[in-house]
Amino acid sequence: AQSVTQLGSHVSVSEGALVLLRCNYSSSVPPYLFWYVQYPNQGLQLLLKYTSAATLVKGINDFEAEFKKSETSFHLTKPSAHMSDAAEYFCAVSENTGFQKLVFGTGTRLLVSP
Amino acid sequence: SAVISQKPSRDICQRGTSLTIQCQVDSQVTMMFWYRQQPGQSLTLIATANQGSEATYESGFVIDKFPISRPNLTFSTLTVSNMSPEDSSIYLCSVNLGGGSGELFFGEGSRLTVL
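The listed protein sequences correspond, in order, to chains A and B.
The first sequence begins at 1 in the working numbering and counts up by one.
The second sequence begins at 115 in the working numbering and counts up by one.
Derived by calculation from the structure, the hints in this document are not laboratory data.
Misleading hints may appear alongside valid ones.
One-sided excerpt, in silico: chain B residues whose CB lies under 7 Å from chain A [what the hints assert, rightly or not]:
(1) Leu157
(2) Leu159
(3) Gly216
(4) Leu218
(5) Gly221
(6) Glu222
(7) Gly223
(8) Thr227
Quick list of the computed label-pair ranges, beta carbon to beta carbon [unchecked claim]:
(9) Ile126(B) - His82(A): 50 to 60 Å
(10) Lys179(B) - Thr72(A): 32 to 42 Å
(11) Ser52(A) - Ile126(B): 20 to 30 Å
(12) Lys179(B) - Ala17(A): 37 to 47 Å
(13) Thr5(A) - Glu200(B): 34 to 44 Å
(14) Gln45(A) - Arg124(B): 41 to 51 Å
(15) Glu64(A) - Thr131(B): 22 to 32 Å
(16) Ala116(B) - Ser52(A): 19 to 29 Å
(17) Leu20(A) - Ser195(B): 39 to 49 Å
(18) His82(A) - Ser132(B): 36 to 46 Å
(19) Gln165(B) - Ala17(A): 44 to 54 Å
(20) Ser80(A) - Asp140(B): 27 to 37 Å
(21) Phe175(B) - Ile60(A): 30 to 40 Å
Built from N, CA and C at the ideal position, the CB exists for glycine as well.
One chain only, chain B, in its complex shape (with noise of 0.2 Å):
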């Protein structure tokens, strides 16, 4: 298993400014996931990240609004830019070890409220 660790756990943020959340992992990962779930909704995949590339992102998703960084093997940012309302949601930070089982481990989450 993995022990994920996301900052914040929650913020509240006014409209039009920026965060940066960050998510750190035990041990070294190849691949790295950025989860969003939207309050009462299920979770939708905004972008993987390989650490020495470029994010690859969604349908839906575009780096100016969710730029990701992934400076190495344990750790990845994911910034939230000019937040609006429309992006409260939990953000979730993942991880795959490898080995073929395909599982995800999580983080337990940022939530963030935007006013």
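Extracted from the complex, chain A is given alone in its bound form (with noise of 0.2 Å):
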């Protein structure tokens, strides 16, 4: 079976400082590995995945996430925070297959201070 590990509930940040959100997957076959980002009210919104073409992945809002296989990791970075990057945000994996349902990981709030 797979599943996510996302470490930290909540992550404080300054505006213009590294973003980090950490996620640690299992998976028994190859994965395929989703960010996603919740806002107040909204539904999910991709910001980025990896199908195991090239490892370090852009998503939009200069978000990026790198698969590392030895580390079952894929952290999501972003260099500097904005406000508007204040949201929910949720690391989700599936098998590769292409009609396989994501399995979530419990979330990571982000937020951005002044």
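Work from the hints to combine the two standalone chains into their complex.
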């Protein structure tokens, strides 16, 4: 069975600082990995995805994530936080067959202070 | 991408009643998924709905409590039956567009409060 662990339910950064949200996965087969963002009272929006191509994946709003098989990690980073980045971030994993369900992590709330 | 519309966007319901949530997609999709997001928590898959077949439920979810319909390739409903306050959640419809990408597109969710 697949699973995702997100370290830190809350992460606080100052505006302009580096954002690092951690995600580790467990999968018995090569995974697909995703980061989603959820703004208050909204659905989920895909930030980026890893589907066995380049290990460094770039997404929207200057977010990127690096797939590290040896560490079973897929951490999300952004060089400079913006106030509008404050939201809930979810890491998710699925089997790389294209039609499988996603298993989500518990989420990390990003707080950005001026 | 896909545009997914859910109705109602929010509702307040009385204990013991049932509510049906509708999900409309702007393109034909094979697989639709219903997730639940309890307050302050992550998303939990309720069931997978394929057109023309019975929905497949995850452990802890049963058809009597969460009946699902999938009459065509662009529409699905989820009913939350005999509601209790523990059913207060956001219910999200999502779709996989195929093509091997694996990603899901989500509706904005239906926020239910059960009194």
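Quiz item: Can you list which hints this structure breaks, lowest number first?
Solution: 8, 9, 11, 13, 14, 15
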